[in-house]
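Enquirer: Listed below are the residues making up each chain.
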Amino acid sequence: MAVAAVKTYEFSPKDSQDKFPAPLLYIGWEDHLLFCAPFCVPLPPPMIFGDMLKGPLAGMFGYHPEFAKVDWDKAEWFKSGKPWKPDYTKSLADNGLKHKDVIRFRTPGLTGIKGSCS
Amino acid sequence: MDMKVAKKLGLKERYNLMTRDLDWEPSYQAKEAIYPFLEYEGIKIHDWSKFEDPFRLTMDAYWKYQAEKERKLYAILDAFNQSNGHLGVTDARYINNLKLFLTGVTPLEYMAHRGFAHVGRQLAGAGPRVACLMQSLDEIRHAQTQIHSMSNYNKYYNGFQNWRHQHDRVWYLSVPKSFFDDAVTSGPFEFMVAIGFAFEYVLTNLLFVPFISGAAYNGDMGAMAFGFSAQSDESRHMTLGLEMIKFLLEQDPANVPIVQRWLDKWFWRGYRVLTLVAMMQDYMLPKRVMSWKEAWEIYAEQNGGALFADLARYGIKPPAGWVQACKDKDHLSHQAWAVFYNYGAAAPFHTWTPSAEEMDWLSSKYPDTFDKYYRPRYEHWAEQAKEGNRFYNGTLPMLCTTCQIPMFFTEPDDPTKICYRESDYKGDKYHFCSDGCKDIFDHEPEKYIQSWLPVHQIYQGNCFGPDADPTSPDFNPLMEVLKWYKLEFGQDNLDYEGSPDKKNFEAWRAQATKN
Ligand SMILES: [Fe+2]
Ligand SMILES: [Fe+2]
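In order, the protein sequence lines correspond to chains A and B.
Going by my numbering, the residue at position 105 of the first sequence is 105; the numbering climbs one at a time, nothing skipped.
Going by my numbering, the residue at position 215 of the second sequence is 1215; the numbering climbs one at a time, nothing skipped.
Quick caveat, the hints were computed from the structure, so don't treat them as lab data.
Hints are supplied without guarantee of correctness; some may be wrong.
Calculated cross-link-like contacts (lysine-lysine; reagent style DSSO-like; alpha-carbon spacing at most 27 Å) [unchecked claim]:
#	chain 1	residue 1	chain 2	residue 2
1	A	Lys-85	B	Lys-1502
2	B	Lys-1365	B	Lys-1293
3	B	Lys-1327	A	Lys-19
4	A	Lys-114	B	Lys-1429
5	B	Lys-1365	A	Lys-114
6	A	Lys-98	B	Lys-1447
7	B	Lys-1502	B	Lys-1287
8	B	Lys-1327	A	Lys-7
9	B	Lys-1417	A	Lys-54
10	A	Lys-98	B	Lys-1426
11	B	Lys-1438	A	Lys-79
12	A	Lys-114	B	Lys-1486
13	B	Lys-1502	A	Lys-19
14	B	Lys-1031	A	Lys-82
15	A	Lys-114	B	Lys-1327
16	A	Lys-79	B	Lys-1514
17	B	Lys-1008	B	Lys-1031
18	A	Lys-82	B	Lys-1246
19	A	Lys-14	B	Lys-1502
20	A	Lys-85	B	Lys-1429
21	A	Lys-19	B	Lys-1438
One chain only, chain A, in its complex shape (with noise of 0.2 Å):
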């Protein structure tokens, strides 16, 4: 459907990326909602994988209790909502990963404070 409009109604998107230093990133970790929401960070698409689980997310998540007890071989991961394997060697960009993409992990056995999720 379109938008009612008086007259002819198009403008450019206010999120396009080169409107940013570096394509956005959403990040979210299930079972964890000690953090209220997913994060949104820019992130240069050559950063490597696994350099960021040790740089960026820590810098998120390390907060939580539970955050040194990940186990990055058993975490599982999703790209919007669909199961998905990143391959930590590689760059974002080689992961496949655009501007806006969501991705989340899931880290089994580690379910919040007093298995609450939180």
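Knowing the structure of chain A, use the given hints to seat chain B with the ligands on it.
Expert: Same frame as chain A, now just chain B with the ligands:
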């Protein structure tokens, strides 16, 4: 002198002479040129005279009533201010409700004034034009009386001083702001359904009851007085909204599906804005009036249920998001307050964890959910804060493109899973918090691809002051954003514990009540 005693006119006669009778048939301009916005939304009106004026109020009577109310209101405000009424509130946490109201809601009153002035010019019937004119005047009065009554708090407490500046900039204030911007950029009929009906009729009690009763329960005569002063206006607004929707539905069967879609959209938009009220009720009022869940059951499920049963004869169904909204009542406030606790460094009001006694109140009001899902979260935060490790989330959240709220809402049937929805449009991805927000986008993507999403705007570099230097080695982007918000770090934000507000309130109250 020849004196003729004029016969006193009856109410109905008087009303007709002073409203509809002032209208005229244009002779040298086409009607479409005078009312250019009446057709493009697809609404068909055959006979404007069929609009039943919901309240037969003439302008002179209107002025008289309103002037009377103003006199009473300002007398109460003066008395409250002169007797240091602010020291009589339950505790200074209460005042944060006012900060949220002044920054989030009062600017909407002003926008409602503009919206109804615009629509009052554009509708081709004299009856609705007069009604919209009066509502437009009511709304600017609401904005003014709210600013006046809260200005006294600004003399003593932090976080009030830049309310208007912040309304256009601060991340969570984009939620109410974008809601109203969406409404006033719609056509006149959509605006009437959005604000006149969905908000004023279906949802307004959920905003005003907790706020005004909350003021009364917590000893705030000032806010209570403006609430009561607005109340008789609100009942007029509700009548106008209801009359307008019935008029649209009766004029042409082709209007029904259009109105239904607007109802679906604006119920959901309004309900999302009320997220802020839910947490006010359950977490921010030191003395609680009733839980959000109880308010929802009374004002939405009972009253709204009766309303939609009444509209069923026109072929109108309850809004699409109704069932989900009813399911959410057990979760909404707990999840919402957690967001503000997370981002308590970036908001110009204070946040806190509920006390042990308040958590017990929450358990009793939410027996199925609070202990299971939310108590562990809040207790953990409270323990950490006690050890000097108060949680302040330092990374920006993902936002919903439509309602602009951080994506904290969970799946309707699973409170442990964040609800993710997305759409592709012209090669870009867009994300949503719910089916409701996705449906709104999918219907008018051209509009929402322009959403001014605060998080994205920060990353684009649009939220720094002119003196910020991103190339300097000690550049701290988040602190620069707070400066651009005109938020005084350590004074307006952070936890209530340790805040200047708390210290001052306690010292002043001790002075007023002890020797
Ligand atoms: Fe109002
Ligand atoms: Fe949303």
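Enquirer: Which constraints among the numbered hints does this structure fail? Numbers only, ascending.
Expert: 1, 3, 4, 8, 12, 13, 14, 16, 17, 18 and 19
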